[in-house]
Each structure stands twice: as C-alpha cells, then as structure tokens.
Amino acid sequence: MLSSWRKMGPQARREALEGYLCLAPWAIGFVVFTAMPLLVSIWLGFTQWTITQPPKWVGVDNYTRMFTADPLFWQSLKVTVQYVLISLPLRLVLGLGLALLLNLKVPGMNFYRTVFYIPAVISGVAVALMWMWLLQPDTGVINTLLSYAGVEGPGWFWDRNWALPSVALMSVWKVGGGAIIYLAGLQNIPPHLYEAAQIDGSNRWQRFWRITLPLLTPTIFFQLVIELIESFKVFTEAFVITQGGPLKATYFYLLYFYEEAFRNFNMGYASALALVLTLVILATTVFIYNTSDRWVYYET
Amino acid sequence: MINPQSAALLRRIPGRAVTYAVMTVLAVIFMIPLLWMLSTSLKTRWEIMAWPPQWVPETPYWQNYADAFAKYPLARFMLNSAILVVLNIAGALISVPIISFGFARLRMPGKRLLFILMLSTMMIPGQIKLIPLFSFYNSLKLIDTYWPLILPSFFGEPFFIFLMVQYMRTIPQDLDEAARIDGASTWTILYRIILPLCKPPLTVTIVFSFLWTWNDFIHPLIYLNSFETYPISVGLAFFRGRYSVEWNLFMAATLVSIAPILIVYFFAQRYLIGGLATAGLKG
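Listed in order, the protein sequences are those of chains A and B.
Okay, so the first sequence: first residue is 1 according to my numbering, each after it adds one.
Okay, so the second sequence: first residue is 1 according to my numbering, each after it adds one.
Hint data in this document are derived by calculation from the structure and do not stem from the laboratory.
Where hints are given, some of them may not hold.
Unchecked claim - Capping the alpha-carbon separation at 16 Å, the derived lysine to aspartate or glutamate pairs in EDC-like fashion look like this:
no., chain 1, residue 1, chain 2, residue 2
1, B, K71, B, E246
2, B, K111, A, E18
3, A, K248, A, E230
4, A, K248, A, D70
5, B, K111, A, E15
6, A, K105, A, E195
As the list claims (entries may be wrong) - One side of the interface only, derived from the structure: several residues of chain B facing chain A at Cβ under 7 Å:
no., residue
7, P33
8, W36
9, A50
10, P53
11, I99
12, M108
13, K129
14, F155
15, L236
16, Y265
17, Q269
Ideal placement from N, C-alpha and C gives every residue a C-beta, glycine not left out.
Using the sequences provided together with the hints, build the complete structure.
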C-alpha cells in the first residue's frame, strides 16, 4: 500500500485522501460497533462477570460448565437444532414452489406477489400475537376449521409436543420473503434455453429438472445460508408466546442467552454462550459452502 | 370466423383460469390470519366467544379501536417508534451516500480489501456483540436512552452501503470526469450529480430503515427500561404480559401497530421487492 502511495501523483493522492475521508464513518463504526465488541465478547467468555464487579478471569470454566454440567445449554441447543431441521426444509421447498407459481406469465401476477410478501414485512411481535390468537386450543379459528373437517386440533403452543412444530409452522407463513429471492433467480434464467429445449421436444417436467433447478442452485445456495443463519436466531416468537415453555419445549438458544445475560446478568457465561452459537453457525455455513461445489452450478 | 391468433388466445384461457384459481385460493389462505385479526378487532366481547364463531361481525364494533387507544398507551408507543424511525433514516441518509461514494467512485489503495471486510461483517450474528455493546453504553450512562438505538445508523449499515455501491457503479464514470474538468469538487459531484441519479437505492434505504426500526425488538428490549420510552414492538409484547388479554382490543392494537408498515409497503413495494431481489442475487 505504501509503495503504491509513493508512485501516485498529487491528484491521485488527493482523490485517495478524499476516498478515505468518505469511508471514515464506516471505518469508525466498524471498529466501535463490530471489531471491538467481537474481541471483547470473546475475552468475556473466559471471565465471570455480573456487571456490578469487574470481570474475573476464570479460564475455560464457562465452557467446561456448559458442556458437562448445564442441562439447559443442551436443551436449548437441542430445540434450536430441531427447529432448524423442521422449518428450514419446509421454507426452502415451499418458497421455491411459491416462486414457481409467481413466475407464471399471466397478467396481474404483481398483485399476488404483493399479497404473498406482506407477511415478510410485519414485525415478529405482531405476527406472534396474531398466531397466538389463531392457534388458541379451544376458541382458536384454526382448531375450529379443523373441527369442521372432523379433526380434533392439538393444543399448539400450549402442548409440549406441539409447541416447537407450531413455531416452525408460523415461520412458514413468512415464506413469501424467500420466494421473492427465488423469483429473481428464476427471472435471470435466459429464456432461449427453454425455447431450445422446447424445440428439442422436452416436456415441462424435464425442463424443470434439467434447466430450472440447475440454474437456480446459486440462488438456492444463497437462500440456504441466509435462512439457516436466520433460523438459528429464532427468539421473538418464543419470547412473546411461550416464554420457552411448556416444559422448556421452545427454550431456544437465544432465549437462554437473553435470560442469562439480561435477566440474571451472568454476562461472562452468556458471552461464552454467544460465542458457541456463532461458532455453530459458522461451522454449519462453512460445511454447506464446502459441499457447494458438488451441487451448485456456476455458469462459466 | 376465428382467426388463428384469437384461437391461440382462446386455447390459453383454461390454463390461465386454473392458474388464477390456484393463486387466489393460496392468497386467501395466506390472508386468513390477517383477515381474522381484522374480524376479531371489530367484535364485541361476547361475539369473540360465540360458538360457532362468526366470520364477519354483524355490526363492526369500531369502539374497540378507541378502547385500545384508551386502555394501552398505544399513541405514546407509536410516537416513540416514529421518532426512532425518523432518526434512523436521517442517520442512513447522512452516512450511506458518502461511504458508498467512496467505495464506488474514488480510487484509493486497499479499497477492495475494505469492501470485502465490510461485506463479511454482514455475516456476523449480531447477538455476539450485544453484551459488549450493552456494557459500552452502560459505561457511558446511555442505557434507557435512545442513543444505542440511533447511533449505529450514522456509521453506515453495510446492507445499504452494498446496495448503493452496486447502483453507483452502473452510473457512467464519464459524468464524474466531465464535472471534474469543469472544476466541480468531489462533494458537488456526489450531491449534485451522482445522488440525484440514485433514487431507487435511496428509496430502498429509506423503506428498509423504516421497516427494520419499526419492527426491531431485541435492541429496544435490552436498552430501554422505562415503560414510557418503549417503541411499539416492545410495548405490544409488554401488554401481553401485563394485562389479562382481551383479544378484541388486543387485535385492534396489533393491527394499529402494523398499519404504518402496511401503508409504506403498499406505496414502496415495487422498490422493496426489487431491492431485496438484487441484494439477494448479488450477495
């Protein structure tokens, strides 16, 4: 960098100085709001700290306790992974299905796009309260509809076996958010490929498997990573509706983190929890990334 | 006589009818939750307990909305949210164009590296930063003020910077050079030439700032302690714990809380969906 600086003329230097000036707000923000907190958080994970007294270095004690003597850690990790495993595939597949429908070339499709995207812009709290009312076991509208069909509806959020699937189901309502991204991917596929395939006598099914799906894999990959990170961070729904219950069936990882950090003020231990979540997310992302060259098709 | 063109059109009609039927059924299913919320908000206390349930209340009971405003400090919470929204948008509009201009239009050593660094920060889960940031604001005595909820926006949100940079790069570089020859300064070029051409990413920035700030839950939850400072998201969640739930009033309050979002969405959906899609594909 310095050697290139010496080679620059006065005008180029001036431009570079102005450039750094432009980036300065971001750079300051990066140091204060990202880099420092990140490093401090990693350090705090090795301390005991209850905010009233200065942090006390305890080595790996927090991690030893977490992995060997903390059933709540394992419970929250378990239900979070379960939630990811249920909701992620549902949202990926249904999002793609919805996008394929929205990609049909008929007039007025924009109206439907607008409708299906609405759930994705509403706040988590409002959505949670709404579903809490819809899924009331006795008076809720969903169970009423089910009873018309002769099915006795479950206790949803108030049943320990149904609470977790209920939260996952709720997340499916927001599938329009992902569908819009798939849709952009679909619209980037060059139409001449379909025309050529049609001339060659292929049917719709073949065109989907041989053209659409392979060319959409970069978008699917992107969605997979983004939605994975998002689903690990599930929090608001459980905070508002179930408070982690019944019997810790929806005691998601971030709920545990929040209670340790901001209710019990065990900030050292909570920092260790946050780091473990970050590493879990990072490891899963890296794993998916490493499999990507086997299934993601990049045009060269 | 039917000419071949209209014959082709006629043949397409059954397929289209099926498409519309499927889409409409799906759209109705997706909208049932919101419609049910609306219906509940217009029922009396007795009507919501009726069995079998009434789909549409006989006479809409608008009084619920007045009662919701009277019973919950809804107006206060909405005002708090609005204040946060305005300040966050202001922060984004001040910081994002300048930073993006640097990344998109000015040459300097190390720029690529910094840009990659900025993009990679988008991947870090925000939660890991919460405790240090909390103690940082705590040591500055800023807990229970709006500062922690406003300050970051003045330092540029990477997602907005990314969108803006992508857009600015598509504007021909000749414009800058011509202006420079005419003696325009960098700031003139940014504010008089480039920024007026950047309306689409500016709109996306404003709309997303609005949505994210209005919907944000965990940050106000952590940084604010006083009831009267709560934004609407935390306020709503708080009602649920504090009062015995009267669902008709409660659904009225929830609908009021999402009304601004829906209004903004309907006016800006074109930009919003487009902006999201480009970010999605190029991210």
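*For this structure, which hints from the list above don't hold up?*
3 and 9
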